[in-house]
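Colleague: Position 444 of the first sequence, counting from 1, maps to 444 under UniProt numbering, and the rest follow consecutively.
Just so you know, these hints were derived from the structure itself, not from any lab. The structure displayed is predicted, hence computed values, not measured ones. Hints may contain errors.
Label-pair restraints from in silico Cβ distances [to be verified]:
#1 Glu391 with His422: 18 to 26 Å
#2 Asn277 with His418: 38 to 46 Å
#3 His418 with Glu386: 16 to 24 Å
#4 Arg92 with Glu65: 52 to 60 Å
Quick list of in silico lysine-lysine cross-link-like pairs, DSSO-like style, CA-CA up to 27 Å [said to hold, decoys possible]:
#5 Lys416 with Lys375
#6 Lys441 with Lys466
#7 Lys66 with Lys169
#8 Lys48 with Lys278
#9 Lys411 with Lys66
#10 Lys170 with Lys66
#11 Lys377 with Lys411
#12 Lys303 with Lys404
#13 Lys364 with Lys466
#14 Lys238 with Lys253
Quick reminder that beta carbons are idealized off the backbone N, C-alpha and C, glycines included.
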Amino acid sequence: MSSKEQSAMASAGSSSSSTEISDSMLRRMAGQSVNKAGLKKDQSEINKIIAEASKGSKFYENEREKDEKLGIQIMKLLDKRDRLLKEGVDLRRLERECDTFIQRIESQRDLSQTIVHVDMDAFYANVELLADPTLEGIAFGVGTGVLTTASYEARAYGVRSGMPVFVAKKLCPHLRMVPATFNSYGEYSGKVMEVFRRFDPNMAKVGMDEAFLNLTTYIQEEREKDGTGQESENAMHKRRERIVRTIRETCKKVTGLTVSAGIAPNKMLAKICSDINKPNNQYILPFTRQAVLDFTRTLPIRKIPGIGRVSERCLEALGVITCGDIITKRAELHLLNYGVIELLKAGLGATSNVVEAGRREDRKSVGCERTFREKSKREELIAIVEDVAEELTETLQKLEYTGKTLSLKYKTHDFKLHTKSHTLQHGEYKTRDSIQTWALKALEESLPLKLRLLGLRVNQLRDLRKKGGLEQYFTNPSHSRKLHEDDEEAEGADFNNAIILDSDEDLEDSEAAETEQVERAINGSPFNDAITNAASSTAVPFASKQETETTHHPMISCPICSRTFPSSTTNQDLNAHIDVCLSKDTIQQLSSRRSSPILGSSESVSSTGEKSVGSKSANKRSRRDIPTNKEDEEDYDFLRPPTSRNHSTTSSSASVSPTVTSSGGSSNKKSKNVLMGTKEAPRNPFAFMKR
DNA sequence: GCATGAAGGACCC
DNA sequence: AACCAGGGTCCTTCAGTT
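With the hints as extra help, turn the sequences into a complete structure.
Modeller: Rendered as structure tokens:
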């Protein structure tokens with residue numbers, strides 16, 4: 001261990017011996033949702049109470065350990081930076097490279113779309129309030145064990161979601177707790193989403209209480225209706241505000257729940273904006289490049305969706321506190337291989353503005369887990385696994401999925417998480433038996449264990465609602481899914497097939513108009529760019545172009561399985577697909593699937609006669625060629641904002657609402673490493689910013 | 001060299 | 001006197017396979 005590491009240990013660990021709690025621990029214990037509004041008590045006072053309350057607990061110890069490790073990691077990061085600098089890395093060159101990135105990003109900046117992020121206020125809490133008016137005006141929390149949400153009255157005391165009840169009570173002794181009633185949340189969620197859909201049928205739901213809307217089309221139509229021609233930016237601004245106000249009012253009228261909203265030219269910004277005037281209000285960011293830059297310049301990086309506690313600390317150590325710092329420190333970030341491009345995109349406020357409904361096909365896994373009071377007796381643990389397996393099977397059945405890999409997850413008494421997984425080469429996990437058998441085996445293997453959590457999750461799903469088994473090899477969905485009573489989210493989305501083009505797609509040549517801007521952007525830091533020409537950036541000449549074009553490809557369909565493919569699909573590719581479709585295995589598979597539930601291997605590895613799907617080469621080919629334009633996109637592989645992550649739907653009604661974001665642009669290894677020349681790519685705590 | 005699996009994490013709501 | 005959810009997604013690292 002280097003001396004630096006030792007000192008990191010020392011400083012991070014100092015809290016354990018003395019009564020002082022380190023700063024980073026205070027912050028860490030403060031929890032993830034620190035950025036929430038509505039606090040009364042002084043934040044640092046609150047943080048102290050929180051940390052103090054759980055000090056000495058196993059949880060706390062575990063957090064402290066993590067904190068320590070992070071500290072070391074950060075030291076290493078800094079070490080590395082210093083070393084490279086000493087070795088004489090050409091920072092200037094890196095800076096220029098970043099400027100090229102910036103140029104590209106700027107050239108693709110798109111202010112033509114009106115994106116709205118709508119976010120229900122204290123959703124669970126407010127639903128409970130409707131059900132029980134005696135909660136009106138009092139501090140209460142929803143959940144058991146951990147608060148899933150807190151009323152605004154409670155928040156004033158520093159009580160926040162994700163906080164354990166006993167800590168919350170320390171902050172607010174008279175806090176009242178009500179158990180969560182997920183079914184009702186689901187119902188209200190459905191109603192609200194319905195309202196949103198009136199304004200954007202392709203609305204992207206993000207969890208139960210949030211959604212992204214693209215109002216561009218709605219606005220256009222409205223203007224056509226009232227015969228408004230060219231409109232001043234000011235008029236547009238007002239129109240946007242008014243429409244969003246209408247949306248919120250409608251929600252309130254329909255459900256009695258209040259909504260907040262953010263209006264901006266892209267998802268990341270809209271999301272951040274929805275928080276600004278939080279309860280029951282909205283915030284609109286002017287749709288000009290300058291306004292966006294002004295906004296982001298001072299924006300704490302933590303506000304960027306995808307930047308969590310860890311990334312925040314890493315960046316902070318590098319002197320990056322605000323988005324503005326990202327630009328200033330770009331060379332260093334680049335040097336450390338720290339996902340600069342994504343950061344730059346976020347820093348410039350030029351992230352994805354593509355809003356598309358989540359599709360069932362996008363789901364990647366289904367899981368089920370349980371937390372309980374520390375247990376170590378074999379029988380007890382086994383019973384829990386059985387129980388979880390049972391429930392998982394039910395869920396799987398209800399949702400109509402099977403999966404190839406199963407993983408067991410457990411948390412030991414000291415809050416350490418572990419997973420074990422197994423992938424079936426042939427069969428699929430489907431029956432309770434197959435799941436339980438492996439799960440128990442995996443558990444027993446590691447048995448002398450004191451646990452507090454056990455869970456199971458199935459990955460590599462196959463959608464039983466789909467005709468063939470080939471689907472997993474194509475990204476395409478389209479027609480396939482019929483609506484099912486229990487997934488209210490179903491409608492709408494289906495016909496935009498898997499092609500995931502982001503806004504990046506067609507911009508290339510259409511951008512002449514903005515060249516001027518771009519030019520400026522390259523010379524020097526955009527933030528210093530005094531003369532920003534806001535007007536030109538608001539021009540709407542290509543308004544909504546890519547949106548329509550990328551989502552409404554005409555389709556070609558396979559004569560065998562009638563699956564549809566984008567018109568851009570070449571004959572060759574189509575043939576490849578048809579080959580697969582015609583393969584014997586496939587036919588067998590299709591017919592066997594009809595007749596009986598054979599597929600799930602009842603035992604772990606051994607299997608039924610299910611040959612894997614289609615010929616390997618065919619699969620490979622098709623997977624690469626047919627579905628996406630990924631290859632083409634590689635070049636544009638900037639951040640597709642992390643913004644829209646998925647959220648599960650706990651409700652028994654199982655509205656599957658998978659991710660909103662399209663999959664796509666894998667992260668651009670090329671440019672990242674090529675420029676660097678560093679081998680041991682330092683972990684890029686940022687990788688997740690992918691989209 | 002590349003695709004896959006397994007295990008571990010970061011993050012989100 | 002005790003003791004921090006549960007549903008997901010994506011990324012990374014390290015092997016071992018093909």
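Colleague: All hints, please: hold or fail.
Modeller: A quick look at each hint next to the structure:
1. Hint check: Glu391 to His422, Cβ distance near 19 Å, so the stated range 18 to 26 Å holds.
2. At roughly 43 Å, the beta-carbon separation of Asn277 and His418 lies within the given 38 to 46 Å, and the hint holds.
3. At about 19 Å, the CB distance of His418 to Glu386 agrees with the hint of 16 to 24 Å.
4. Look at Arg92 against Glu65: about 40 Å separates their beta carbons, and that is not inside 52 to 60 Å.
5. With a CA separation close to 15 Å, the supplied pair Lys416 and Lys375 stays within the 27 Å bound.
6. Between the alpha carbons of Lys441 and Lys466 the distance comes to roughly 32 Å, so the proposed pair goes past 27 Å and is violated.
7. For the proposed pair Lys66 and Lys169, the alpha carbon gap of about 26 Å is at most 27 Å, so the pair holds.
8. Under the criterion of a C-alpha separation no larger than 27 Å, the hint pairing Lys48 with Lys278 is consistent with the structure, at around 25 Å.
9. The straight-line distance between the Cα atoms of Lys411 and Lys66 is roughly 15 Å, inside the 27 Å bound, and the hint therefore holds.
10. For a cut-off of 27 Å, the pair hint linking Lys170 to Lys66 stands: about 24 Å separates their Cα positions.
11. For the suggested pair Lys377 and Lys411, the alpha carbons sit about 15 Å apart, so the restraint of at most 27 Å is met.
12. A distance of roughly 37 Å separates the Cα atoms of Lys303 and Lys404; the hinted pair therefore is violated under the 27 Å criterion.
13. As the CA atoms of Lys364 and Lys466 are separated by approximately 15 Å, the hinted pair is consistent with the 27 Å bound.
14. Pair hint Lys238 plus Lys253 holds up; C-alpha atoms about 22 Å apart against a cutoff of 27 Å.
This entry does not satisfy hints 4, 6 and 12, going by the numbered hints stated previously.
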